[in-house]
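Engineer: Residue numbers (the UniProt record's numbering), protein chains in the order written: chain F, 1 to 345; chain E, 1 to 286.
In case anyone wonders, no lab produced these hints; they're calculated from the structure.
It cannot be assumed that every hint is accurate.
Okay, derived cross-link-like pairs now, EDC-like style, lysine to aspartate or glutamate, Cα gap no bigger than 20 Å in a straight line [as the list claims (entries may be wrong)]:
no., chain 1, residue 1, chain 2, residue 2
1, F, 95, E, 193
2, E, 189, F, 75
3, F, 102, E, 227
4, F, 102, E, 193
One-sided excerpt, in silico: chain E residues whose CB lies under 7 Å from chain F [what the hints assert, rightly or not]:
no., residue
5, 178
6, 179
7, 194
For each residue, glycine too, the CB sits at the ideal point set by N, CA and C.
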Amino acid sequence: MAQVSLNNVRKVYPNGFEAVKPASFRIEDGEFVVLVGPSGCGKSTMLRMIAGLEDISDGALTIGDRVVNDVDPADRDIAMVFQNYALYPHMTVAKNIGYGLKNRKIPAADIAAKVQEAATMLNLTDYLDRKPSQLSGGQRQRVAMGRAIVRDPSLFLFDEPLSNLDAKLRNQMRIEIKALQRRLGVTSVYVTHDQVEAMTMADRIIVMNAGRIEQIGTPAEVYHSPASTFVASFMGAPPMNLLTGRAEAGRVRVGNVMLHQHHEDRDLTVGIRPEDIIPDSHGHLEVEVTLIEELGAHRLLHGQMQGHPLTIHVGKDHPVETGHIRAAIKPNAVSLFDPASGVRL
Amino acid sequence: MSVSKRFRWSAVLDHSILIIGSLIMILPVVMLLQMASTTDIHTMKNGPGLIFGDQLPVNFEKAMFKADGFTGANTGVRMLYNSMILGFGFAIGKIVIGMMAAYAIVYFRLRFATLAFWVIFTTLLLPLEVRILPSYEIVQRLGMLNTYQGLIIPLIASATATFFFRQFFRSIPEELVEAARIDGAGPIKFFVDILVPLSRTMIAAMFIIMFVYGWNQYLWPTMITTEEGMFTLVRGIKQITQTLEGTNLPEYGRSNLLAIIAILPPVLIVIFFQSWFVKGLTESDK
């Protein structure tokens, strides 16, 4: 078990491209941290720097109480699960799981016992003699997990481990991974571009964009108080409604609709989550609904308000009809951002 | 799938072409067998024909154990043995060197790796025939004339094998290398534990090509070996058919049987490795 801390860790490629801008954060012992962001945001590079697969250009990386910038990946006491599983195709499941231990000169009997233990934990005991090509995607992912578990590392690293699985299996594996991590209590860093995975699995989420950390916080914090318009639009499906507004005489207006109170006169970006807008015949928002998405458990109304596109999340009982409706905003549900920088005010 | 039982002339045509083609391929082998089964006099008088004789055991005896020349060392058995050493030494040596060179080029951050690769690659433009004099001189000065080393080593560096292994290694996913690094496999372990087993289909393919190439070498063994005990089959057969002098008849039976024997090992190698090749292709995925 270990804490991980990054102090101004930075990655610059030889061609001058800064993949990760100086980043500092600390991961507590046993914590499950998810790095999330769009492709190319530097989240994988960050993970690979922690793993030691990528050199750190600047700053210090500490795992446990050891600065590991120049330590070989094999000696960092970590285990990594890859997107494409990266199983050794010519080895049986048992050999795949035990390979790391064999390289550490652990006696064969001990390896067999540990492999058996990990296989039992992952329901793989029937498959130990098979080759990876004879397994399904979910089983291969489990073998990759087994390879990580068996080493008893102080840090798990996951690089988009579920993105090659179909949706149903992904949901199931998500729960399994989370449960396993809870049980083993191993500090984990998990990279994904899927905000649902991030929300459901993380103790804390680190949202990255263009090599920069946009926000670090619990899923609830990130969802309800996004630190920037980027986070607001990246986290949540459908994303937060972002409207252009202006504060004048203590009131925030979008078009001629008064939304909120604000003391300073200025232009603003107003963010409201779709589920924080409620249809209400006495509400002061006038929305022209043009399209309804039926999702079974709930419905999404897409429309316009004062010329701004707006999405409203309603229950399954809301009538399916387009046209003019009135709506209200839940109290304290409005986020305000600086329109130029996108930073939360 | 609907099976059409309709008679099609195109199928007849296709099969006729295939059958005629295979007859053309097989006919020389049948001729060899025919001439190997008759007496030399019969062949001398009638040429190749369709009537098989009963001389096969006699010719086989001569082919395998009769020696001519001064030393009596160049029996068929001895030549077969020499050819085997050349074929295997060639194939194994080329594969080992080619794999190691490709490993260095693909997986290590060498300063001039790409340049080195292209230099190796351009040696394809300089086959043995082009550089035969300097090659001979080097071998001669190293005192390797009439040795197996002299036969094998000067030809062991293979641009073809290096190229194919390089292409293959580049197709192995990066993640596998990284997983191995995290699993604590150093460069040598990675090569032996991961890369070599993964390359087995490629090794099989290279082995077929290189073995046949080595086995069929004619010019180089002719230059390097002057001692009869070092003759390979391919050059030895020529020696036998050539001895038409005075009242001696060329030993058709013996040389044709030797030719058949010379065909067999490459054929067996191809058959053996082909099944392996297919198995490797279907069972492994990278």
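Engineer: Taking the hints in turn, state whether each one holds.
Structural biologist: Hint-by-hint comparison with the structure:
Proximity of residue 95 of chain F to residue 193 of chain E is assessed by CA-CA distance (about 11 Å); at most 20 Å being required, the pair is judged to hold. Pair hint residue 189 of chain E plus residue 75 of chain F holds up; C-alpha atoms about 16 Å apart against a cutoff of 20 Å. Distance check on the hinted pair: residue 102 of chain F and residue 227 of chain E sit about 51 Å apart at the alpha-carbon level, beyond 20 Å; violated. The straight-line distance between the Cα atoms of residue 102 of chain F and residue 193 of chain E is roughly 11 Å, inside the 20 Å bound, and the hint therefore holds.
Given the 7 Å rule on beta carbons, the hint for residue 178 of chain E holds: about 5 Å separates it from the nearest Cβ of chain F. Annotation: interface hint on residue 179 of chain E holds; nearest CB of chain F at approximately 4 Å, less than 7 Å. Restraint check, residue 194 of chain E versus chain F: the minimum CB separation of about 6 Å is within 7 Å; hint holds.
Figure legend: structure checked against the earlier numbered hints; the only hint not met is number 3.
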